[in-house]
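> The chain contents come next:
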Amino acid sequence: MKIKYRQGNKKARVFFSICLGFIILFCLVVTLITMSCKSPEVRIDPDTLLPITVTDDGETVIDNPVVEPTIPVSSSETYSDIEKRMSGVTWLSPGKVNIDGLYPGATGEYYLRIHNSKDDPATFSIYSKEANTCTEGYTKLPPEFNKWIKINPSSIVIPAKSVGEVLVSVTVGLRDKATNKKYEIWIGAMDESQKGLVKSEICSRWMLTTK
Amino acid sequence: MKKILFSLLGVLSIILVPSASAFAATTADVEVTATPTFIAMTNSEATWAMGVVVASTSYWWTAAGTAPAPEPFEADDMKSTITNTGSVAEDIDMHVHNFTSAGVGWTLHATVVGANTVVLSAGVTGCTNEAAMLDFVDTTGQKLKDNLAAAGTIKWCMLLKTGTFTDGLEKSTTVTLTASAH
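In order, the protein sequence lines correspond to chains C and D.
Each number in the working numbering comes from the position in the first sequence (counting from 1) with 1285 added on.
Each number in the working numbering comes from the position in the second sequence (counting from 1) with 149 added on.
If you're looking for bench data, these hints aren't it; they were derived computationally from the structure.
One or more hints might be untrue.
Here are the computed lysine to any residue pairs in the SDA-like style, where the Cα-Cα straight-line distance is at most 25 Å [claimed, not checked]:
id, chain 1, residue 1, chain 2, residue 2
1, C, K1467, C, I1436
2, C, K1425, D, E180
3, C, K1484, D, V202
4, C, K1432, C, Y1388
5, C, K1480, D, E180
6, C, K1414, D, K310
7, C, K1403, D, D240
8, C, K1435, C, A1463
9, D, K292, C, L1482
10, C, K1480, C, P1406
11, C, K1480, D, A271
12, D, K228, D, G275
13, D, K228, D, T196
14, D, K310, D, G263
Among chain C residues calculated to face chain D with C-beta under 7 Å, some are [as the list claims (entries may be wrong)]:
id, residue
15, F1300
16, I1303
17, I1367
18, S1378
19, P1389
20, I1436
21, K1484
From a predicted model like this one, the values you see are computed outputs, not experimental measurements.
Every residue, glycine too, gets a C-beta built ideally from N, C-alpha and C.
Pulled out of the complex, with its shape left as it was, chain C reads as follows (with noise of 0.2 Å):
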């Protein structure tokens, strides 16, 4: 019997040195897995308007085909034309901005481009409201989700004849219920230095998609 349990002892740490080799080779793999697919921090590059993910080793541009530029009236025109084509005018861009497959704790950010056509320095004001109207299929923003939106700076001057910068980020609260909605906010900026009764605004409208 004593030389059977040694043999049987024997047969087992076999048996159990194999399980573990492959409970290890399992977790391993699981491991690589779910590092690979952790979301990196993603932003777009304003000069290229390409995605850039963030990553440890540095920023790195993707080449994403989903940012495509629309508003050429030449097929040829880039963005760069259209920008000098508009240099006596004063503009936000981008329009729309779409962030989608937002979750708790995730942040999508743009930078916001505003020019100043006059020929002195203007203070603009940056900040969030209410949609007039929706983009079909989107509602509004809930104001208890406001925090989401963080704009910096909310004031900023612009050189005259020069392109002011804004980033403006969107961070799903860890706590907030939000998911599979489709939500949209409008960021505006307005001239500070209009005078008079008529003020006017210009606004980019920003739809988010959780999940």
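Start from chain C and add chain D according to the hints.
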């Protein structure tokens, strides 16, 4: 045997604990896309020198300072011109705030005037008549023009109907035009 089991549990705990945290942090991508359009607009007239107003009276902000005639409203009768100077079609919204004052402010009402209550309306070229103008209440925006093409223009006017007053102090408000991508 016990050593093997303890070793096994130890290795598993070492591996599974970081794996679990990796699971917790796992997310799909957040995708940010933008339509690189340029939103811009101009409005030709920004002031309304109303002066002293009388109770229960209509004041027109039109080219002639009187009610547009004939109806529907014609471009020549309008006061101001909005131009879409952006690169794409835009919606033009408008909102107004209640009148503020060192005394008693005036409240905007959508239909009828009253004590310290006024009606402020806006219309554009082609508006059928006064009744078809947009009436504004505090802060709530309404669409003055939908889908104004790039380089397109629209002319507009306003009407203020006063109520009765409880003081003679100056009142002020702001009318805001909002351009956004259509």
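> With a cut-off of 7 Å, does the beta carbon of I1367(C) approach a beta carbon of chain D closely enough for the hint to hold?
Cβ of I1367(C) sits 6 Å from chain D, so the hint holds.
> Checking one constraint from the list: CA of K1432(C) to CA of Y1388(C), max 25 Å. Satisfied?
holds (15 Å)
> Does E180(D) lie within 25 Å of K1425(C) when you go C-alpha to C-alpha?
holds (20 Å)
> For the hint on S1378(C), just tell me whether its beta-carbon gets within less than 7 Å of chain D.
holds (5 Å)
> Regarding the hint that I1436(C) lies at the interface with chain D, is the smallest CB-CB distance below 7 Å?
With a minimum Cβ separation of about 16 Å from chain D (threshold 7 Å), the hint on I1436(C) is violated.
> Is the hinted pair K1403(C) and D240(D) satisfied, with a Cα-Cα distance of at most 25 Å?
holds (24 Å)
> Are K1414(C) and K310(D) close enough, with their CA atoms no more than 25 Å apart?
violated (29 Å)
> Does the nearest C-beta of chain D fall within a distance shorter than 7 Å of the C-beta of I1303(C)?
violated (12 Å)
> For the pair we were handed, K1480(C) and P1406(C), check the Cα-Cα distance against 25 Å.
At roughly 15 Å apart (the allowed maximum being 25 Å), P1406(C) and K1480(C) satisfy the hint.
> With a cut-off of 25 Å on the C-alpha distance, tell me whether K1435(C) and A1463(C) pass.
Distance of about 18 Å is within 25 Å: holds.
> Would you check the hint for K310(D) and G263(D), treating anything up to 25 Å between C-alpha atoms as holding?
holds (10 Å)
> May I ask you to test the interface hint for K1484(C) with respect to chain D, counting a Cβ-Cβ separation under 7 Å as satisfied?
Status holds, d = 5 Å.
In summary, the structure is inconsistent with hints 5, 6, 15, 16, 19 and 20 from the numbered list given earlier, while agreeing with the others.
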